[in-house]
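Following the hints, position chain B against chain A.
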Amino acid sequence: MPTNPLLDTSLHERRRTRRMRDPEYRQAYERAAREIAQTDQVIRELDSLRVNLGVSKAELARRIDRNASSIRRLFTASHARPELPLVAAIADALGAEVRVVSRRGETKAASATGTGRKRTRVAA
Amino acid sequence: MPRRPRSASKTSEPPRVDRTPPWSIVYYTTPDGSVPVLEFLDACPGKIDAEFTAVLDAVAAAPPPQFSGGGKWEAMHGTMTGWHEIRLTGPGREQFRLFCLLENAEDVELLRRGFRKPAIAVITGMRKPWRTKFSERDYGRVRKLGDEHRVAL
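One line per chain: the protein sequences are A and B, in this order. Going letter by letter, the first sequence gives residues 7 to 130 in the numbering used here. Going letter by letter, the second sequence gives residues 25 to 177 in the numbering used here.
Honestly, the hints are just simulated from the structure, not real lab data. Warning: the hint list may mix true and false statements.
As the list claims (entries may be wrong) - Looking from chain A toward chain B, a few residues come up when the C-beta cut is under 10 Å (computed):
#, residue
1, 14
2, 18
3, 19
4, 30
5, 36
6, 41
7, 55
8, 70
9, 71
10, 73
11, 76
12, 79
13, 82
14, 88
15, 108
Because the structure is a prediction, the values reported are computed rather than measured. Each residue gets a CB set at the ideal place from its N, CA and C atoms; glycine is no exception.
So that you can see chain A by itself, here it is in the shape it has in the complex (with noise of 0.2 Å):
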C-alpha cells in the first residue's frame, strides 16, 4: 500500500474496469491494445535482431542512410512514430523483411499445419 494518500495506484484500474463494461469501451480498448502491441512487437523483434547480430545503432543507421540519433529515438520511444519505410529499410538492412500474416488466412494455415501465428512479424 502506498504510504501517501495521494498516491492512489489503483485507481486507474478501478476506472478502466469500470469503463470496460461498455461493449463500445471494451471494444476500442481491445482494438487499441492489439494494435500498440504489434507495433511494439515489431520495433522491439527489429531492436532484438540487431542486438544478436551484433549491429550497433550508429552502424545501422549508416547502412540505411540516416542520423544515428534518429535511430537511438525509434528503439528507445524517446521520438516515437515509426514509419512504414523506415521500419522496411531497417528489416532489410538487417537481412529480415516485415510481413502481414492475415488472420483468416492464418486460421486456415494453423489448420492445415498445426503450426501458425496471429501477428504481424519480422522473419529473418
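Showing chain B alone in chain A's frame:
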C-alpha cells in the same frame, strides 16, 4: 545449537523499490481533491479515452527506455523536457494529448515520496484542433500542475 531466526538479518536490509513491470499508474490529485486527468478523460470521446488507457497500460507493462506505446508515447523537448506525452488523433483530426511524468528516481527518493514501484504520473490532458499549436501558456499550466504534483509528494 539453535539457529538465529532469519527475520533478524532481514530487518537490517534497507527497503527497496520493486522495479519489475508493470509500473504503477497514478493520477495527479489537486489539494482540493479534484483529478484533472479524470476531468479531461471523461470529456473525451469514448474511443480516445479507451486508447489513452490502452497506451498507458502498454507503457506501464513495458516501461522506458524500451520502445512501447505503439508509437503514441513520446518524450517531449524544449520547455517540456522531462515530460512524456501520449498523442492521439480523434474525429475531425482533433488532437488529444495526455501529459505524464515518470517517477523513476533512486530507491531512497521514491520511497521517501511514498512510491513502492516506479510509476507513470498522469498529470493532465489537453485537446486542440488539427494544425494548431498549444501556446507556451498552455504548456505552462501543465508544468504548474506537474510542479504541484511533485511538491505534494
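Query raised in the report: Would the hint on residue 14 of chain A stand, with a C-beta cut-off of 10 Å toward chain B?
Result: 7 Å, holds
**Report entry** Restraint outcome when residue 70 of chain A is required to lie within 10 Å of chain B by C-beta distance
**Finding:** Since the shortest Cβ distance to chain B is 17 Å, the answer is violated.
Query - Evaluation of the interface hint that places residue 55 of chain A against chain B, nearest CB under 10 Å - result: 13 Å, violated
Requested in this report: Return the status of the interface hint for residue 41 of chain A: holds when the least beta-carbon distance to chain B is below 10 Å, violated otherwise.
Outcome: Residue 41 of chain A check passes; min Cβ-Cβ to chain B is 6 Å, inside 10 Å.
Query raised in the report: Holds or violated: residue 30 of chain A as interface residue toward chain B, Cβ cutoff 10 Å?
Result: This hint holds: residue 30 of chain A lies near chain B, its Cβ roughly 6 Å from the closest one there, short of 10 Å.
Report task. Against chain B, run the beta carbon of residue 73 of chain A and see if the smallest gap drops under 10 Å. Result -> The hint is violated - residue 73 of chain A has no Cβ within 10 Å of chain B, the shortest such distance being about 16 Å.
Query raised in the report: If you take the shortest Cβ to Cβ gap from residue 108 of chain A to chain B, is it below 10 Å?
Result: Interface hint status for residue 108 of chain A: violated (21 Å vs cutoff 10 Å).
Requested in this report: Classify the hint on residue 79 of chain A as holds or violated, based on whether any CB of chain B lies nearer than 10 Å to its CB.
Outcome: 8 Å, holds
Report task. Hold the hint about residue 19 of chain A up to the distance rule: shortest CB distance to chain B must be less than 10 Å. Result -> 8 Å, holds
Report task. Under 10 Å, Cβ to Cβ, is where residue 82 of chain A needs to be relative to chain B, so tell me if that hint holds or is violated. Result -> 5 Å, holds
Query raised in the report: Is the hint on residue 88 of chain A kept, meaning its closest Cβ partner in chain B is under 10 Å away?
Result: 5 Å, holds
Query raised in the report: Does residue 36 of chain A meet its interface restraint, that is, does its C-beta lie within less than 10 Å of any C-beta in chain B?
Result: 8 Å, holds
Going through the hint list in order, the structure does not satisfy hints 7, 8, 9, 10, 11 and 15.
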